[in-house]
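According to the UniProt record's numbering, the sequence shown holds residues 1 to 83 in order.
These are computed hints drawn from the structure, not numbers from a lab. Note that the structure is a prediction, hence the values are computed from the model and not measured. Heads up, the beta-carbon is just placed ideally off N, CA and C, and yes, glycines get one too. Don't take every hint at face value.
Said to hold, decoys possible - Have a look at the derived ranges for each label pair, beta carbon to beta carbon: (1) 6 with 42: 28 to 34 Å; (2) 26 with 6: 25 to 31 Å; (3) 43 with 7: 15 to 21 Å; (4) 66 with 12: 15 to 21 Å; (5) 71 with 22: 23 to 29 Å; (6) 12 with 67: 15 to 21 Å; (7) 46 with 6: 28 to 34 Å; (8) 6 with 59: 24 to 30 Å; (9) 45 with 6: 28 to 34 Å; (10) 31 with 64: 15 to 21 Å; (11) 43 with 6: 29 to 35 Å; (12) 79 with 21: 17 to 23 Å; (13) 71 with 20: 18 to 24 Å.
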Amino acid sequence: MDEKRRHPRTEVNEPGYVSSGGSVMHCTIVNISPEGAAIEVENSAFVPHRFRLVMAKDASVVYECQVVWSKKTRIGLSFVTPT
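Could you build all of it, start to finish, from the sequences and the hints given here?
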């Protein structure tokens, strides 16, 4: 499979939160780059198409995200500029 990302992902395996509409779900941030990330969640069916990804280590680090792909419990995200 050809790599299509402009920036390589850095493996991090850090805790984070999926935040949307007042609800928060724990996740693990598997890897991250300036343009996106991959996360693991218990049930991907409960993750909305657009949400905020909050880093557990530093809650001031927040990314606006959009789901690009989903496979079982892993979700690929792209970071988007808020409108």
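We went through each hint and held it up to the structure:
Checking the proposed 28 to 34 Å range against residue 6 and residue 42 shows it holds: the Cβ atoms sit about 30 Å from each other. For the pair residue 26 and residue 6, the supplied restraint of 25 to 31 Å holds, since their beta-carbon distance comes to about 29 Å. Evaluation of the 15 to 21 Å hint for residue 43 and residue 7 yields a failure: the beta carbon distance comes to about 29 Å. For the hinted restraint 15 to 21 Å between residue 66 and residue 12, the CB-CB distance of approximately 20 Å keeps it satisfied.
A C-beta distance of roughly 27 Å is found between residue 71 and residue 22, which places it inside the suggested range of 23 to 29 Å. Checked against the given bound of 15 to 21 Å, the beta carbons of residue 12 and residue 67, roughly 19 Å apart, stay inside it. Under the hint 28 to 34 Å, the C-beta atoms of residue 46 and residue 6, about 30 Å apart, fit the expected range. Look at residue 6 against residue 59: about 28 Å separates their beta carbons, and that is inside 24 to 30 Å.
A beta carbon spacing of about 30 Å between residue 45 and residue 6 agrees with the range 28 to 34 Å that was offered as a hint. The hint said 15 to 21 Å for the Cβ distance between residue 31 and residue 64, and at roughly 18 Å that hint holds. Checked against the hint of 29 to 35 Å, the pair residue 43 and residue 6 passes, with Cβ atoms roughly 30 Å apart. Taking the beta carbon of each, residue 79 and residue 21 are about 19 Å apart, inside 17 to 23 Å as hinted.
At roughly 20 Å, the beta-carbon separation of residue 71 and residue 20 lies within the given 18 to 24 Å, and the hint holds.
The earlier numbered hint that this structure contradicts is number 3, and it is the only one.
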